[in-house]
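Participant: Sequence:
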Amino acid sequence: MLTVCMTLIDDDDKSEFRKIYDSLERKLFVFSMSKLHNNALAEEAVSETFLALAKNFKKIHSLEPAEIVAYTVIINRNVCIDILEKENKHSINVQIDDKIKEISEDYDHIEKLIVADMVEKLPDIYRDVIMMKYFYGFKVNEISKQLHLSVGGVKSRLEQARKILRKDMNDDE
Numbered sequence: 000m001l002t003v004c005m006t007l008i009d010d011d012d013k014s015e016f017r018k019i020y021d022s023l024e025r026k027l028f029v030f031s032m033s034k035l036h037n038n039a040l041a042e043e044a045v046s047e048t049f050l051a052l053a054k055n056f057k058k059i060h061s062l063e064p065a066e067i068v069a070y071t072v073i074i075n076r077n078v079c080i081d082i083l084e085k086e087n088k089h090s091i092n093v094q095i096d097d098k099i100k101e102i103s104e105d106y107d108h109i110e111k112l113i114v115a116d117m118v119e120k121l122p123d124i125y126r127d128v129i130m131m132k133y134f135y136g137f138k139v140n141e142i143s144k145q146l147h148l149s150v151g152g153v154k155s156r157l158e159q160a161r162k163i164l165r166k167d168m169n170d171d172e
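Sequential numbering from 0 applies to the sequence shown in numbering that gives the first Met the number 0.
Everything labelled a hint here was simulated from the structure, so no lab data went into it.
Cβ coordinates follow ideal geometry from the N, Cα and C atoms, glycine included.
Please note: incorrect hints may appear among the correct ones.
Each pair of labels, with its calculated beta carbon distance range [stated by the list, open to error]:
| # | residue 1 | residue 2 | range |
| --- | --- | --- | --- |
| 1 | T6 | N38 | 38 to 46 Å |
| 2 | I59 | S155 | 43 to 51 Å |
| 3 | D123 | K166 | 27 to 35 Å |
| 4 | S155 | K57 | 27 to 35 Å |
| 5 | R165 | K13 | 17 to 25 Å |
DSS-like, lysine-lysine: derived pairs with alpha carbons at most 27 Å apart [said to hold, decoys possible]:
| # | residue 1 | residue 2 |
| --- | --- | --- |
| 6 | K18 | K132 |
| 7 | K120 | K166 |
| 8 | K13 | K166 |
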């Protein structure tokens, strides 16, 4: 899979992508295994995660390492959810979020990502779109593809998240 990903990466960025791959591949596999309980599905989740990372590497390669890790974890979590849904298993959105917190020791620098406490407190459906839009610079149509939502759905979630944040900011004053 690494070979396929490398074909999508500019020559100048290949060594950086390789470092990210080497540092995260095992952790993502362990995380995927904890959700999917199947070696083949966990390997598929890791492969799909790195493929998505490679496709968007030009946009994210200049981010801080911790931000790239967080982006990758979000993608991996969503890939695991997609795989579970394809396998007709029950949705585990809440369980995945709890497991991410449990393994935060492995990803302790993810916490450094959270710029504002209010963003962290947003429900996942809003937090993911806010982070992808404002932290990683994705366009609405790119977010819709990554999260398998309609463009209108992404816009609606962004507006609702902004409304919650505005309310929280006004409550704090």
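Participant: Does K166 lie within 27 Å of K120 when you go C-alpha to C-alpha?
Facilitator: Cα-Cα ~13 Å, so holds.
Participant: T6 and N38, beta-carbon distance inside 38 to 46 Å?
Facilitator: Between T6 and N38, where Cβ atoms are some 25 Å apart, the hint is violated.
Participant: Within 27 to 35 Å: is that where the Cβ-Cβ distance between D123 and K166 falls?
Facilitator: At roughly 18 Å between Cβ atoms, K166 and D123 fall outside 27 to 35 Å, so the hint is violated.
Participant: CA of K13 to CA of K166, is that 27 Å or under?
Facilitator: 43 Å, violated
Participant: Holds or violated: K18 and K132, Cα atoms, limit 27 Å.
Facilitator: 25 Å, holds
Participant: I want to verify a distance hint. Is the separation of the beta carbons of R165 and K13 within 17 to 25 Å?
Facilitator: 42 Å, violated
Participant: Between S155 and K57, does the C-beta distance stay in 27 to 35 Å?
Facilitator: 28 Å, holds
Participant: Per the hint of 43 to 51 Å, is the separation of the Cβ atoms of I59 and S155 within bounds?
Facilitator: Violated, at about 25 Å.
Hints 1, 2, 3, 5, 8 from the earlier list are contradicted by this structure; the remaining hints agree with it.
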